[in-house]
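Protein chains in written order, with the working numbering: chain A, 1 to 492; chain B, 1 to 95; chain C, 1 to 479.
Treat the hints as calculated values from the structure; they're not laboratory data. Certain hints may be false.
[What the hints assert, rightly or not] Pairs of lysine-lysine, DSBU-like flavour, derived with a Cα cap of 30 Å:
no.: 1; chain 1: C; residue 1: K172; chain 2: C; residue 2: K256
no.: 2; chain 1: C; residue 1: K476; chain 2: C; residue 2: K447
no.: 3; chain 1: C; residue 1: K80; chain 2: B; residue 2: K10
no.: 4; chain 1: C; residue 1: K461; chain 2: C; residue 2: K445
no.: 5; chain 1: C; residue 1: K458; chain 2: C; residue 2: K392
no.: 6; chain 1: C; residue 1: K256; chain 2: B; residue 2: K92
no.: 7; chain 1: C; residue 1: K411; chain 2: C; residue 2: K389
no.: 8; chain 1: C; residue 1: K362; chain 2: C; residue 2: K343
no.: 9; chain 1: C; residue 1: K447; chain 2: C; residue 2: K392
no.: 10; chain 1: C; residue 1: K478; chain 2: B; residue 2: K10
no.: 11; chain 1: B; residue 1: K92; chain 2: C; residue 2: K131
no.: 12; chain 1: A; residue 1: K419; chain 2: B; residue 2: K10
no.: 13; chain 1: B; residue 1: K92; chain 2: C; residue 2: K80
no.: 14; chain 1: C; residue 1: K204; chain 2: C; residue 2: K216
no.: 15; chain 1: C; residue 1: K131; chain 2: B; residue 2: K10
no.: 16; chain 1: C; residue 1: K131; chain 2: C; residue 2: K256
no.: 17; chain 1: B; residue 1: K10; chain 2: C; residue 2: K216
no.: 18; chain 1: C; residue 1: K204; chain 2: C; residue 2: K80
no.: 19; chain 1: B; residue 1: K92; chain 2: C; residue 2: K216
no.: 20; chain 1: A; residue 1: K294; chain 2: A; residue 2: K270
no.: 21; chain 1: C; residue 1: K19; chain 2: C; residue 2: K165
no.: 22; chain 1: C; residue 1: K116; chain 2: C; residue 2: K165
no.: 23; chain 1: C; residue 1: K445; chain 2: C; residue 2: K425
no.: 24; chain 1: C; residue 1: K256; chain 2: C; residue 2: K165
no.: 25; chain 1: C; residue 1: K476; chain 2: C; residue 2: K445
no.: 26; chain 1: C; residue 1: K362; chain 2: C; residue 2: K131
Every value quoted in this text rests on a predicted model; they were computed, and no experiment measured them.
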Amino acid sequence: MNPSTSAALHEQTIAQLSAGLAAGQFSSEELTCAFLQRIGRDNPQLNAFITVTAESALAQARAADERRRQGQAGLLTGIPIAYKDIFCTQGVRTSCGSRMLDRFIAPYNATVVERLNAAGAVMLGKTNMDEFAMGSSNETSFYGSVHNPWDLNAVPGGSSGGSAAAVAARLTPGATGTDTGGSIRQPAALCGITGIKPTYGRVSRWGMIAYASSLDQGGPMARTAEDCALLLAAMAGFDPRDSTCVDRPVPDYAAGLNQPLAGLKIGLPKEYFGEGLDSAVAAAVETAIAEYRKLGAETIEISLPNSQLAIPAYYVVAPAECSSNLARFDGVRYGHRCENPQNLLDLYIRSRAEGFGAEVQRRILVGTFALSAGYYDAYYLKAQQIRRLISDDFRRAFDQVDVIAGPTSPTVAFNLGEKVDDPITMYLSDIYTIAVNLAGLPGLSLPAGFVGQRPVGLQLIGNYFAEERLLNVAHRYQQVTDWHNRIPTAFA
Amino acid sequence: MSLGVVEVAKIAHLARLAIRAEDAPAYARNLSAILELVEQMNAVDTSGVAPMAHPLDMAQRLRPDEVAESNQRERFQAIAPRVEAGLYLVPKVIE
Amino acid sequence: MMEWETVIGLEIHAQLATKSKIFSAAATAYGAEPNTQACAIDLGMPGVLPVLNQEAVRMAAMLGLAIGANIACRSVFARKNYFYPDLPKGYQISQYELPVVEKGELSIDLEDGSSKVIGVTRAHLEEDAGKSLHEDFHGQSGIDLNRAGTPLLEIVSEPDLRSAKEAVAYMKKLHQMVVYLGICDGNMQEGSFRCDANVSVRPKGQAQFGTRAEIKNLNSFRFVERAIEFEIERQIDRIESGEKIVQETRLYDPDKGETRPMRSKEEANDYRYFPDPDLLPLVIDEAFIETVRASLPELPEAKKQRFIAQYGLSSYDAGVLTAARALSDYYEAVVAALGGEPKLCANWVMGDFSAFLNRDGKDLAESPVSSAQLASLLQRIQDRTISGKIAKDVFEAMWVGEGDTDAIIEKRGLRQITDTSAIEKVIDEVMAANPDQLAQYRAGKDKLFAFFVGQVMKASKGKANPQQVNDRLAEKLKG
Numbered sequence: 001m002n003p004s005t006s007a008a009l010h011e012q013t014i015a016q017l018s019a020g021l022a023a024g025q026f027s028s029e030e031l032t033c034a035f036l037q038r039i040g041r042d043n044p045q046l047n048a049f050i051t052v053t054a055e056s057a058l059a060q061a062r063a064a065d066e067r068r069r070q071g072q073a074g075l076l077t078g079i080p081i082a083y084k085d086i087f088c089t090q091g092v093r094t095s096c097g098s099r100m101l102d103r104f105i106a107p108y109n110a111t112v113v114e115r116l117n118a119a120g121a122v123m124l125g126k127t128n129m130d131e132f133a134m135g136s137s138n139e140t141s142f143y144g145s146v147h148n149p150w151d152l153n154a155v156p157g158g159s160s161g162g163s164a165a166a167v168a169a170r171l172t173p174g175a176t177g178t179d180t181g182g183s184i185r186q187p188a189a190l191c192g193i194t195g196i197k198p199t200y201g202r203v204s205r206w207g208m209i210a211y212a213s214s215l216d217q218g219g220p221m222a223r224t225a226e227d228c229a230l231l232l233a234a235m236a237g238f239d240p241r242d243s244t245c246v247d248r249p250v251p252d253y254a255a256g257l258n259q260p261l262a263g264l265k266i267g268l269p270k271e272y273f274g275e276g277l278d279s280a281v282a283a284a285v286e287t288a289i290a291e292y293r294k295l296g297a298e299t300i301e302i303s304l305p306n307s308q309l310a311i312p313a314y315y316v317v318a319p320a321e322c323s324s325n326l327a328r329f330d331g332v333r334y335g336h337r338c339e340n341p342q343n344l345l346d347l348y349i350r351s352r353a354e355g356f357g358a359e360v361q362r363r364i365l366v367g368t369f370a371l372s373a374g375y376y377d378a379y380y381l382k383a384q385q386i387r388r389l390i391s392d393d394f395r396r397a398f399d400q401v402d403v404i405a406g407p408t409s410p411t412v413a414f415n416l417g418e419k420v421d422d423p424i425t426m427y428l429s430d431i432y433t434i435a436v437n438l439a440g441l442p443g444l445s446l447p448a449g450f451v452g453q454r455p456v457g458l459q460l461i462g463n464y465f466a467e468e469r470l471l472n473v474a475h476r477y478q479q480v481t482d483w484h485n486r487i488p489t490a491f492a
Numbered sequence: 001m002s003l004g005v006v007e008v009a010k011i012a013h014l015a016r017l018a019i020r021a022e023d024a025p026a027y028a029r030n031l032s033a034i035l036e037l038v039e040q041m042n043a044v045d046t047s048g049v050a051p052m053a054h055p056l057d058m059a060q061r062l063r064p065d066e067v068a069e070s071n072q073r074e075r076f077q078a079i080a081p082r083v084e085a086g087l088y089l090v091p092k093v094i095e
Numbered sequence: 001m002m003e004w005e006t007v008i009g010l011e012i013h014a015q016l017a018t019k020s021k022i023f024s025a026a027a028t029a030y031g032a033e034p035n036t037q038a039c040a041i042d043l044g045m046p047g048v049l050p051v052l053n054q055e056a057v058r059m060a061a062m063l064g065l066a067i068g069a070n071i072a073c074r075s076v077f078a079r080k081n082y083f084y085p086d087l088p089k090g091y092q093i094s095q096y097e098l099p100v101v102e103k104g105e106l107s108i109d110l111e112d113g114s115s116k117v118i119g120v121t122r123a124h125l126e127e128d129a130g131k132s133l134h135e136d137f138h139g140q141s142g143i144d145l146n147r148a149g150t151p152l153l154e155i156v157s158e159p160d161l162r163s164a165k166e167a168v169a170y171m172k173k174l175h176q177m178v179v180y181l182g183i184c185d186g187n188m189q190e191g192s193f194r195c196d197a198n199v200s201v202r203p204k205g206q207a208q209f210g211t212r213a214e215i216k217n218l219n220s221f222r223f224v225e226r227a228i229e230f231e232i233e234r235q236i237d238r239i240e241s242g243e244k245i246v247q248e249t250r251l252y253d254p255d256k257g258e259t260r261p262m263r264s265k266e267e268a269n270d271y272r273y274f275p276d277p278d279l280l281p282l283v284i285d286e287a288f289i290e291t292v293r294a295s296l297p298e299l300p301e302a303k304k305q306r307f308i309a310q311y312g313l314s315s316y317d318a319g320v321l322t323a324a325r326a327l328s329d330y331y332e333a334v335v336a337a338l339g340g341e342p343k344l345c346a347n348w349v350m351g352d353f354s355a356f357l358n359r360d361g362k363d364l365a366e367s368p369v370s371s372a373q374l375a376s377l378l379q380r381i382q383d384r385t386i387s388g389k390i391a392k393d394v395f396e397a398m399w400v401g402e403g404d405t406d407a408i409i410e411k412r413g414l415r416q417i418t419d420t421s422a423i424e425k426v427i428d429e430v431m432a433a434n435p436d437q438l439a440q441y442r443a444g445k446d447k448l449f450a451f452f453v454g455q456v457m458k459a460s461k462g463k464a465n466p467q468q469v470n471d472r473l474a475e476k477l478k479g
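Make the full structure from the sequences, and use the hints.
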């Protein structure tokens, strides 16, 4: 299973690279150069990066090498990573995939960036994403679609599509993503990598540009659960600047990875295996679940009766919050401002209409409507109540089982342009991921096979703050399978 | 609920988005379709269910009353579209 | 002729006297250069998050307890969404459905000497907006966001007020209260305490309210009174001439002394309030409330009663001295330093001391004469080193910084003459210099006694002890 340590640098996982750096087999500068070269060669066909920060990456890499010489290196010191362009990076454009912020040079770092900097990680650049994280295919980006490395005609998923494609194509060993309704897990599934959305409040949201504040959560995307464990350990933790961030110790995620699965109770929600699930995807997921049984886990059919209401509730809550969160983009203090505004109203309506793309405008309009006088109770309040029901479904389920497993996405990656004109169909691709955000639970997607050329993702859902368990359950599977080691042939 | 172009124009004004007349029907169609989707919520009786605004059942954490920010006007205004004499400029505000 | 009744409710915004803003660690100090006290949070930069200042919560609870209100164990911050250039995020964080303070009351004194209880519906925490400066920047407005995020406590009264005078009395009472509690500096010129007035009229005896107009941003007691009076007249005139009152927001123009509709508020707003997803519910427990209760200062009415009982002051004097917490503190410090003589202290604090502050337009905090200095002066009156009259000169010298009581007395040679032989010597000289008056006095013209007192005091440059002068003069004039 383990590629030899003499494997090409880009073929290695973060854990392997970390060991290589520690053993002095190569320097961070060499490693960073290797990935920058791959980005230079392959990014034009993938469009995974919006901004490549080669110069500062090399400076950070040299600083990491120096730190190592002084004996101060940690596990991530000198490891190159990429940031979804939703995380503010001081002095570097932070576009959020939008024309609105095309020229926005962030004046501060997101806490996640600060923490990874402190760990010595090297920033290769900023990855492409659906505009303001609103999308499931990365096609709403102002900077154009990202291509799926497994099939350039396919979408990578979204909204963290650039991060997923970059990891899958080995342009970076790891990346950050954010997940509001599936935006880490769904692209991880569609690109054949591993990604975890932590419990709401586990990772600070400071400096992470808000889409829907009560749902957004940052997390790592990498090839393996082990790599996600290393990244998450650095990203997670208390932050006084985010009052929704939980003050609770961060476990040593890597230490718990090898815990045996004997006796593990896996819940299989019948609602996740019914109508709408592609049969080939279903077959791959069943095979993965069978593998878990071999590993000693027990599977139990459970029910999450309100599952079908997750998408309706989400498409009220998320747009409502976004309509307010995105009101600050008014052309006054930063961001796009229209030419020659005739008056104040003109400044607002043209700056915003020019700065935002169609999907963002649609969600702002839906959210504005849902909160408006006379409709609040029927839409917003109703959605909050449904949210409670969905959350209660999970509580009951976790009385019975340790983790919940199912497909991450009902289909494998679809073709570019296939759903772009049909928002509703697009929304349905997040049918299995959205409820997790509404409840605030942690969820993980890991590679579990292919349908044709296109990867299938298995989703694992854990109880609140059970990231350690999820990573452990994913890791044990990756010890006996090799889906996560497959490389798209064009990027080998 | 089905929205027409008039409603869309009203919502767009509240949201301060300029929508071109020729785009309004498409927005009306999309928005109506989205509302139809979300109205599936109505299939469930939620009377008596406490609304859930946050995923975590926790109290708000407060901070001590300390000044910890210094003047960063120059840095912040370096990315501003129009400033003069330290002020952000906008078309005339009428009270 | 129809008789009309006025119905007024006030929404008062008190800026809380915290060091930092309600949701950020930027300073709240007034008068800084534009946008130098607006941090990333105040500017509504992408990705920033609010974190609530606990001191603002404590101050809100203080007011709640002081007005006998309920402190909500769970309250919620909501977003009030609207676009305006002084509102950086496009929403104001405020409290809507569940405010932190509910159902209190405040008693006001009416002109006829009676008092009336005014209900306080609620008080909630919110953030202030920035300022639009309308000086002409090439036809543009300039936006200063220093004030954005300053903590406000919005205190909403019941529509219990029936005249402009009552409204002002209520506003003054609340002003006194927040300053007493130390939760607001009360500076109205700087906008620290300002008011929106909801005004309507109805035929006397009618139960339902008339249509109201809201007059925005009144920042002086005088403007509140004038604006409301104008508005009452306007509404009555309109109704009597057969027109309808429109519910609207109006602005008071102090130069013209009239209210006019606010153009920016012409369209009906739909604020789309919803719970702020960045802020979890604010939970206040019983222990916190008890801590706040224990820290409450003595409130004006209680202090007044204590002054009457403890110091033997008249109700009027006690009222004047307790009108402002700073003055009452100063008074008590003088009494303590002097170790008694509360009436003498009251006369001086309310008299010369207050008069000088007034004359120089100074705040008590800026007084050049400390309570200890005033006490030392009164000490010298008490021990007869100087007379009350001389003390006024010493006070004035002290006010302009000539030094402490004793130094001024020494330097100016103002020590009172209490040596009987010295006083008799002066009396002898005065009698010798005025033989005619002496003869007339002795012939029965008693009122010339005052003339001799005056002459003796003049000859002693005011330093002779007046009581001794009286005694000795009476004796000597008899012959």
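Hint check:
no., hint, verdict
1, K172/C with K256/C, "holds, 24 Å"
2, K476/C with K447/C, "holds, 16 Å"
3, K80/C with K10/B, "holds, 18 Å"
4, K461/C with K445/C, "holds, 26 Å"
5, K458/C with K392/C, "holds, 16 Å"
6, K256/C with K92/B, "holds, 23 Å"
7, K411/C with K389/C, "holds, 17 Å"
8, K362/C with K343/C, "holds, 24 Å"
9, K447/C with K392/C, "holds, 27 Å"
10, K478/C with K10/B, "violated, 101 Å"
11, K92/B with K131/C, "holds, 13 Å"
12, K419/A with K10/B, "holds, 28 Å"
13, K92/B with K80/C, "holds, 23 Å"
14, K204/C with K216/C, "holds, 26 Å"
15, K131/C with K10/B, "holds, 28 Å"
16, K131/C with K256/C, "holds, 23 Å"
17, K10/B with K216/C, "holds, 27 Å"
18, K204/C with K80/C, "violated, 36 Å"
19, K92/B with K216/C, "holds, 20 Å"
20, K294/A with K270/A, "holds, 21 Å"
21, K19/C with K165/C, "violated, 34 Å"
22, K116/C with K165/C, "holds, 12 Å"
23, K445/C with K425/C, "holds, 23 Å"
24, K256/C with K165/C, "holds, 21 Å"
25, K476/C with K445/C, "holds, 15 Å"
26, K362/C with K131/C, "holds, 28 Å"
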